[in-house]
Amino acid sequence: MMMVGLAKLLNLAITINNTNLLIINHCRFLTFIVQNSINEPSFNNTSMCSLIQQCIENKSLTKARMVHAHAIKFGLLGLNVGNKLTDAYLKCGCIVDTRKLFDELPQRYLISWNSMISYYIGQGKCKEAILLCKRMVSEGVLPDNFTFSSVFKAFSELGFVNGGREAHGMSIVLGLEVLNKFVGSAIVDMYAKFGKMKEAHVVADRVMSKDVVLLTALIVGYTQHGDGEKALKVFGEMIRQGINANEYTFASILITCGNVEDLSIGKLVHGLMVKSGLESVVASKTSLLTMYSRCGLIDDSLKVFNNFLCPNQVTWTSLLVALIQNGKEEVALSKFKEMISSSVLPNSFTLSSVLQACSSLAMLELGKQIHAMVMKFGLDRDKYAGSAVVNLYGKCGSTEMARSVFDALVEYDVVSMNFMIYSYAQNGIGHEAIKLFHKMKELGLEPNEVTILSVLLACNNAGLVEEGCQLFDSIKNNQRFELTRDHYACMVNLLGRCGRLEEAEVLVKQVRNPDLVLWRTLLSACKIHGEVEMAERALKQVLDLSPDDEGTHVLMSNLYASAGNWNQVIEMKSTMREMKFKKNPAMSWVEIDKEVHTFMAGDWSHPSSKEILDTLGCLIEKVKILGYIPDTRFVLQNMDEEEKKRSLYYHSEKLAIAFALRKTNNKTTTIRLFKNLRVCGDCHSWIKLMSHIKLLRNETQMPLSVTKQTFGMRDQSVGAAVLRSDQAEIIKIWLRNLWHLDGTLAEAATICKTAEILGAKARINIIL
DNA sequence: GTAGGGTTAG
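The opening residue of the first sequence carries number 1 in full-length UniProt numbering; numbering runs sequentially from there.
A hint or two may mislead.
Restraint-style ranges between C-beta atoms, simulated for each label pair [as the list claims (entries may be wrong)]:
| # | residue 1 | residue 2 | range |
| --- | --- | --- | --- |
| 1 | GLY159 | ASP103 | 26 to 32 Å |
| 2 | LEU309 | GLN510 | 30 to 36 Å |
| 3 | ASP407 | GLY124 | 28 to 34 Å |
| 4 | THR575 | GLU642 | 28 to 34 Å |
| 5 | ILE243 | ASP407 | 49 to 55 Å |
Quick caveat, the hints were computed from the structure, so don't treat them as lab data.
Cβ atoms here follow ideal geometry from the backbone N, Cα and C, with glycine treated the same way.
Using the sequences and the accompanying hints, generate a full structural model.
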């Protein structure tokens, strides 16, 4: 009690703690102070430093402030005490006090400068650290090995290449670059983080005594910049030199093994890791999981995962990514639920990966729930999670939602731009795609191969032939990057579908070793235009490359059918029979109240078949009023015209939509239709007209209400347009709501008739 | 009293 009283007298704030030991310590400390205060001559530098040491050991800011006050009072705030006190403040975690005292000191030890710099870097305040370092030099204090080994990290984190180079120069002058491995490895790491691997390697070669940290920094650099070969080479040399790899090295080199998909080396490294006793270190084991997954051995990844007692956020995410990259999206989604149940929180990596799974499966409802999680974690403006949400909505046909999420992003890069452009492209909104492409360039973002492919796809799906040609030629002439076969295939499709078949064929021949996709694209275009002769040339090439290609036989048989060459159809079908081909039946499915309903043409096994047929009959009549003309060219069997029309009515797409409309109420504005094959041209036109029917439920006996509909498709590869709208407003509105335009004369007639019915003065150019 | 390297994503 006496001590507490004394403390109060001395204006000291003390905390009465239940722990006896703490009270005892406190009392001893106070006794010391009081004794020294009474007996002034015994307060000297040594005793002050000893007191400060106690502050450090107890991590007590209160005591440090108390000693500080005494040091001032007794005029002892000199070099030793002052510098030691900054250390105490720093260890107590109080940067305000530390910095204030540090700035007030008449002179600072190098060690204090270093501590301050290191502290700022540890707190992520890299600019502050660099400023302090510059001030130190300007005050005539030369940096030492400690200063350099810290400060290079600040330059690399800020991406200050020139500053980093300048500091590197200074370390050379002071002889620290080569002689000190701490400095050397920090420089290597810095250049590696800048992606300047040549410079990193040169420095590493110069450092006198190489150790595992230095070489690991080099390996990590090569791994992260995709140079697996060099990473493996450095690793091999390291082992030969007798330098043992540690958990950091294994974590990185296993990623390289996965990247180069070299299972034998991966297994060898796994063996080394076990031999080193580092198999259970979390980060290395996580890399092991990734290595097996990238080598395609997902079961081994699962085995590694099951070995974790308490998988962390990164391990869980690695597992999800492994599953998704091995085509097991559904399993990944169920594992994600497991992760959440085990109270491991997802981060941006996790959510963007899971969203990727939802996008691939077009699972909009689950995707929306994950979007909600993204918002809950404040990641909706994060460029990774945010752009994954953009991709989700884009892939599911909700371009407006995609755009609204896209607009909220803080930072744009080429990937987020590509997602948005692709979303416009696949939903047939070509002009918006092109607009965004120009905006991207205005923002100074360099388009890449994917961007160009997306814009070309947009041109395909919106019939913007001239725009597509212009872009293709400009890239070809610019030679900023090489156009791939995919770009060529896109152009062949664009030209071919609008009837410029000769140009398309020339383009195919321009490609060195044209592949299956290119010839098949040309073949498809030939099918649209009934161009048998060129088709046969393309067919020869396709069969040379892939004699058993089922799709091609089907395509060719369909071409002969649409050209009315029934003899060849019979011949083709018999070849297919001989080769035991079976055409995949076209299927469509819709999800209503979490239940999936699947339909096939001519299959009446669905319990509601009768009602579906009634609804469909009514819908077809309504759509006919809008100008629907059944396009019997899509009937590939030899039958009379009336039979052909009837067979078109019962396509699986139409059955599924009729069913969905019966089962949903007025609140449903969107029906998502999934298909295993490309939608047929007739259904395509029919669906587009359907989206403009406005039928009220009470108008008929049937529960029909279609106001505004978007049809998201699993296979949206229906491409190319030969139709172009002109200024007529109604057509513009219509085009905006359309998915794609495809190029059939029947559709042109449909559009004209619709425009007429709606009272619009439309002019339509048909490009053939 | 001060210092260097790792694993997951769109």
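Verification of the hints:
The hinted window of 26 to 32 Å between GLY159 and ASP103 holds, with their beta carbons roughly 28 Å apart. Judged by the Cβ atoms, the range 30 to 36 Å given for LEU309 and GLN510 is violated: they are separated by roughly 58 Å. Between ASP407 and GLY124 the C-beta distance comes to about 29 Å, which sits within the given range of 28 to 34 Å. Separated by about 31 Å at the C-beta atoms, THR575 and GLU642 satisfy the suggested range of 28 to 34 Å.
Checked against the given bound of 49 to 55 Å, the beta carbons of ILE243 and ASP407, roughly 52 Å apart, stay inside it.
In terms of the numbered hints stated before, the structure departs from hint 2 and from no other.
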